[in-house]
Every structure is written in structure tokens, then in C-alpha cells.
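Model the full assembly from the supplied sequences, consistent with the hints where possible.
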Amino acid sequence: MSAVADTHAQAHHHGPASGITRWLFTTNHKDIGTMYLVFSFTMFLLGGTMAMVIRAELFQPGLQIVQPEFFNQMTTMHGLIMVFGAVMPAFVGLANWMLPLMIGAPDMALPRMNNWSFWLLPCAFLILVSTLFMSGGAPNFGWTFYAPLSTTYGPPSTTFFIFAVHIMGISSIMGAINVIATILNLRAPGMTLMKMPLFVWTWLITAFLLIAVMPVLAGVVTMMLMDINFGTSFFDASGGGDPVLFQHVFWFFGHPEVYIMILPAFGAVSHIIPAFSRKRLFGYASMVYAVGAIALLSFIVWAHHMFTVGVPIAGQLFFMYATMLIAVPTGVKVFNWVATMFRGSLTFEAPMLFAVAFVILFTIGGFSGLMLAIAPADFQYHDTYFVVAHFHYVLVPGAIFGIFASAYFWLPKWTGHMYDETLAKTHFWLSFIGMNLAFFPMHFLGLAGMPRRIPDYALQFADFNMVSSIGAFMFGATQLLFLAIVIKCVRGGEKAAAKPWEGAEGLEWTVPSPAPYHTFATPPEVK
Amino acid sequence: MATNQTYYVPEQSKWPIIATVGLGLTLYGVASIMVNGSQGESTAGSWALFWIGALIMAYMLFGWFGNVIRESRAGLYSPQMDRSFRWGMSWFIFSEVMFFAAFFGALFYARVFAVPWLGGEGDRGSSNMLWEGFQATWPLLNNPDPQAYPAPKDIIGPWGLPLINTVLLVTSSFTVTVAHHALKADNRKKLKIWLAATIVLALAFLVLQGEEYVHAYQELDLTLQSGIYGSTFFMLTGFHGAHVMLGTLMLIIMLVRIQKGHFSAEKHFGFEAASWYWHFVDVVWLGLFVFVYVL
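Protein sequences appear in the order of chains P and Y. Quick note on UniProt numbering: the first sequence kicks off at 1 and runs consecutively. Quick note on UniProt numbering: the second sequence kicks off at 1 and runs consecutively.
Simulated from the structure, these hints should not be mistaken for laboratory data. You may find that some hints are simply not true.
Just so you have them, the derived chain P footprint on chain Y, three or more residues with Cβ under 8 Å [unchecked claim]:
id, region
1, 26 to 34
2, 102 to 111
3, 228 to 237
Quick reminder that beta carbons are idealized off the backbone N, C-alpha and C, glycines included.
Here's what the structure looks like:
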């Protein structure tokens, strides 16, 4: 017993361990947060490279660079890697770094499990990426892996893909349990629920969504596994099953999943806009209720992804109206952000630029979502580039700009240095222009009837595709600048004060920059 | 909310990374057994990977849980840490509920929508184009394409083994609660007797469930391959059975720990977590009994 007590006593006296074991064995939320963020950016570059392959192929009509089989693998892997490898881990990394600092806790509630949650991700993606080198190639059925395309007609590597998804799911569920336990149990004395920072609130709700739907994803891939390898007929009508069943179960996971990828960004933006407007957030309580409402509604809208597969008319109407309801709480949030900026003393440092672009461009993505929610109109848009434009508008200037805004906002806290503001603004403007060039023409392509997930297209789509590809190359190349900015900031730069942004509020700004290895060993008092 | 005390943050740990390697090798092994097997290739190497992974996992489970138990018995865990474990276990059980919800959802969808539609209900009439004369019934004893999915001769009736199993599991939920009360009253002898009784009931359930599967496969031709009825039946009862096995293992470990003198009348969250899990598998069974066997 004494050995245990001794190691425990030491833990409070030293900083990080040296060498690789620091990262392999760590229980420190800051180390784990850093690993999540580095992993996420690595996956962002890998998934981005695949997007470049896709855009290079689509630069001109006709088959130029890759074969259709490989093109399909690229679209599939790009989607899977960006969703599960880039966006989700980035938010978990931000949560790991910031939640304990924001609520005055010394660490996450279950630090060893936290480490396991992280390390399962490289393991899962090693398996997933290895499918590219297997006979028959990687999964080629789109990131939504609809049956029977993925069961009856999928490549042999589908089984490996299924187990990779299982490992990601285990990682996400454990990470989410950790977040909830931390928020519910480790808040500083005096921090009541309605005093919690919004990033904490949004992550609490996101974690609930993760625990509710990741097991459903595990369920649907398990049914696939059984259909492929053990002769069950869940998704085969000749045995009494139904391929549409796959879509129902998948989208019961899939729709909350898209909110999992945006709610933490809502939270971060709700810190950044007040900080650079030098005003308190407008309508804190309504922001909390709006996030709660969005999360609850996300469970009853899934079939709006499936209007064209033959859902009964009553179902179509229900899912159409339920989907439109989501615009109400989302509108509350957008108006609150705008009202926060109204008559504020605004300055436009990089985090604010990304946050303002987030509000405007995410709203465009939200509006195209409303168009898609109209069942009769969706029959026209379904599976066209309009859908691709829609979800890239909510994911790129939504989730990813939210992540960039957060990164610039908190980099001084993480590294103790200010980042290079000029380079960061360059990063913003190139990303902003590149991203709009890449995705805005896709609206027109989709409305004109260009289907998604094809390597070749009719000649009338050529001009917009070329513009889109140029924008995509610009956006892709710009992200290397972000890497350079972060490396530069880690290695040096102007010393950051404990609170580098004059308008910022919260416990994270009461600790020095860079945040010491151990913070809040004794909880602070919140008034 | 935190009380004003210093927190316990554990020292670096080697277990998570060992767990990652173990789980990764196990699942990679399982996947390549399936893929190589279906392509007629040798699976020896895949099995080796699987077993190495499984052994690492077993080593990790003993090591990691052993570590936590030692820390707990050394008195390092505050009431706050105890609450973290409670939240952790509660939300884990919620995630398990959602896992089963996916399979129950599949069952309901098949019964209420997919099979009747295949039988021509509504304005679709898909069966008349694909499988003429297909009659929609539940339990589905005639598949749309009997060549691909031979139908079972019969199904397992609810009032034989399943009823006995229901009685066994419900009783075991009571016995584990009696054991818990005995632990709270610090009556160790009563605790051991009632916990042992729970484990006997659990093992009896598993034996009978095994018997039911043998009966289904050998006499009724009710298999995983016999269409959507067999698929949902074995998926739901199979995953439930696997969870009963895990729960039984937890209870056995609790009994061993009690024999070693672990737990006190006030601090015994390990035991409580195992009993929560046990009640959870019991409740899932009640859902199964009603929706899979009776209705």
C-alpha cells in the first residue's frame, strides 16, 4: 500500500516526465489535449490530401488522374477521416485543455481513462488507413456506408473498417463519459450550472449526444458485420430485412453526430465574440436553452436524410417540420451573437475574424439546410452537389473555423507566446477566400443537377468545377501556413500575459500563460 | 460541486497504452480471421494476433483494476472520486442501453414496417414484383427467398425455458439486493451466501440459454441464417447473453474480493457497480422476454 501512497505524493511535486513516456503514460489533461490536437491536425492534412486528389480529378471533365474505383475510396476515406479523425478529436482536444481550466478543476475526472480514449484513436485510424493497401482497396461506399453497397457489394476490407469504427466509438464514449463526470463533479465551489461558461455547457450536451448515439453506430456496424460474415439478413430483403433499416439506424446516429461536430464550436464562439466585442454575451440563458433544444430536436429529425428512399408521406411531413423547428433555437443563437457585437468596441484579431466568418457562413449553411429540409424540394437536391455544398458550409466555416478561432484564442494560454498576428490574418483571408471559392459554386452545380460522388461529369459543369478546384487547392495549401504559425508560436514570440485579451472572461485567464503543468490543485472560489 | 479539498490526480500509468495495443491486436486479429477465412486463406497468423491481443487484454484488466483496487484500499479516493466513478458507471450503462436500443429498433422496424411492406401492405406491394405470393407473418416462418435464407421449422416458445430463465434472472436481481443490504449491515456471512446464490442463478441462466441455442440450431433450424427472425432473435439474445457473462464475471470477482476481506459497510462502490450492471442485464432481459419471445 505504501508504494501507492508514495507515488501519489510525488505526483504533486514534479512536472512532466521526460522522453516518450510522458506522452505514452500521461494522465495530464493538458498533455492529452495537446496529443488530441496534434492528432487531429495530422488527420486534417491526410483527409485534406484526399480532398486534393478529388478536386484534382474534378478539375476538368473526363478521367484525368485516378480511376473511378480509387476516386470512390478517396471520397469515402476523406469523409470518414475528416469526421472521426479531424473534427471530433479537435473538439475533444479543446475540451481536454480547456474544461478543467474553465471550471477550476485540477484535471479530468478519470485521467487514466482519458489517456486510453486518446490512444485508441491512432490505433483505429491505423487500421482504417491500412485498408487502402489491402486487396480490393479501401471502403468505397461513401462515408455513410449504406447497405447493400457496403454489405453485399463492399470490398473485403469492410470488416476492418467496421472494427476501426468500433474502436473510434469506444474512444468517443469513454471521452464523453469523462467530460460529463468532470463537468458534473469537479466544478469549483460556487460555480452553479447556470454560471458555467458556454463552452462547458455545449460540451456537456455534446457529451450526452455522444453517449446516446455512438452505441447506435456500434449497433449498425455490428449488424453489417453479421450480414457480411455470418449470414444474417438485417439489410437484405430476401430474408425479410430491409436496406432502408440501415439508413434509419445510421441516421439516428448520424444526425446527432452533425451536432456533435458543431455544438462545441457554438460554445467557443460564444466566448470569442464577447471577448473581442468587450461586452458580455447577450442572452446567456437563452443560449443554454437553445443548445439544449437543438440537441433534443436532433433525435427526431433523422429521416430528412432519406426523403427519397420511400418514407411514408406522414413520416416525410413529420421529419420535414421537425427539421425546420431546429432553425428556431439556431436563430436564437445567431441573433444573440449579432446582438453581442451590436454597439460593442470591436477589434478584429484572428480569433474574432474566424468567429465572425463563422456566424455569417454557418448561417449560409443553415439556410441551405432549410432548403434541403423541404421534402418535395429535396427530391430535386438529393445526392447532388447542393448537398455537398450545404454540409461543407456547416463543417468548414462552421466546425473548422470554430476550431481555428479557438486555437488562436487559446494558443497564448497553451504556449505562453502570442502567435504572429499578420500571418494569422493572412491564414484567415486565404482560408476565407479559398473556402468560398471551393464550396459556393457547388450550390450552382447541385441545382443544375450534378450528382455527388462521381469522378467525371457532363461538360456544362466544367467551369464551376474548375473554380471550385482552384479554391480547394488554395484552401488546402493555406493550412500549411497554419502549421507554420503554430510551430512559430510554440517556439517563441512575444510573451503572453495571463489574460492576453482585454475583453476575455473566465477562470482560464486567472492562471499564468503558459498554463502550469498542474493547475487548480486547490479549487478556486467562484462568486 | 467540489468540496474544498485537494484533489487526487493519479500518477502516470502504463495501463492505457497496454490496453490500446491489446484491444487493437485483438480486433485486428478478429477482422483478419473473418476476411482471410472468407477468402479461403490461412487464418493461423490471424489467430495468433488475436490470442496475443487477448492475453495482453487479460493482463491489462488484472493490472489496471488491481491498481485501482490497491489505491482504493489505500484510502486515496475521496468522496468526490467516488462520485466520479458513480457518474462514469451510470453513463456507461446508459451507453449500453443505447446499444441494445439499436437492435430493439431493428426488431420493431422489421416487424412493423419491413415485413408487412414485403407482404404487399400499403401502396407499395413490393413483394408482388420481387417475390410473388410472399405472405407476411410474424414470427416469419417463410422468407421471401427461401433459397438464400431457409426458414426455421419453428421458433422458441416463451413458456418453456424462456419463462424459467425470466424467473431465474428476476430472482437473481432480488438476491443481489439482499446481498447488498447484508453488506451495508456489515453481515459478511449473509452477504457471501446471497451473492453466491446470485452467481448460481446467473450460471443456471447461462446454461439454459446454451441449451436453448442447441435446441434452436439442431432441432428447429432456427439459426443466424434463417432470415430476419433468426437475425434479430440471435442478435438480441446473443448480445444479452454476452452481457450476462460479463455481469456474472463481475459478480464472481466481487465474491473473491469479499472473501479476501475487501469492502466495508460504507465503501463498496465496486460491488455496487457490479450490482447496477446486473440489474441492467435483468431489465434488458425483461424487454427481450416481452418483445422477442411473448409478443
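Check each numbered hint from earlier against the structure, then list the numbers of those it violates in ascending order. none
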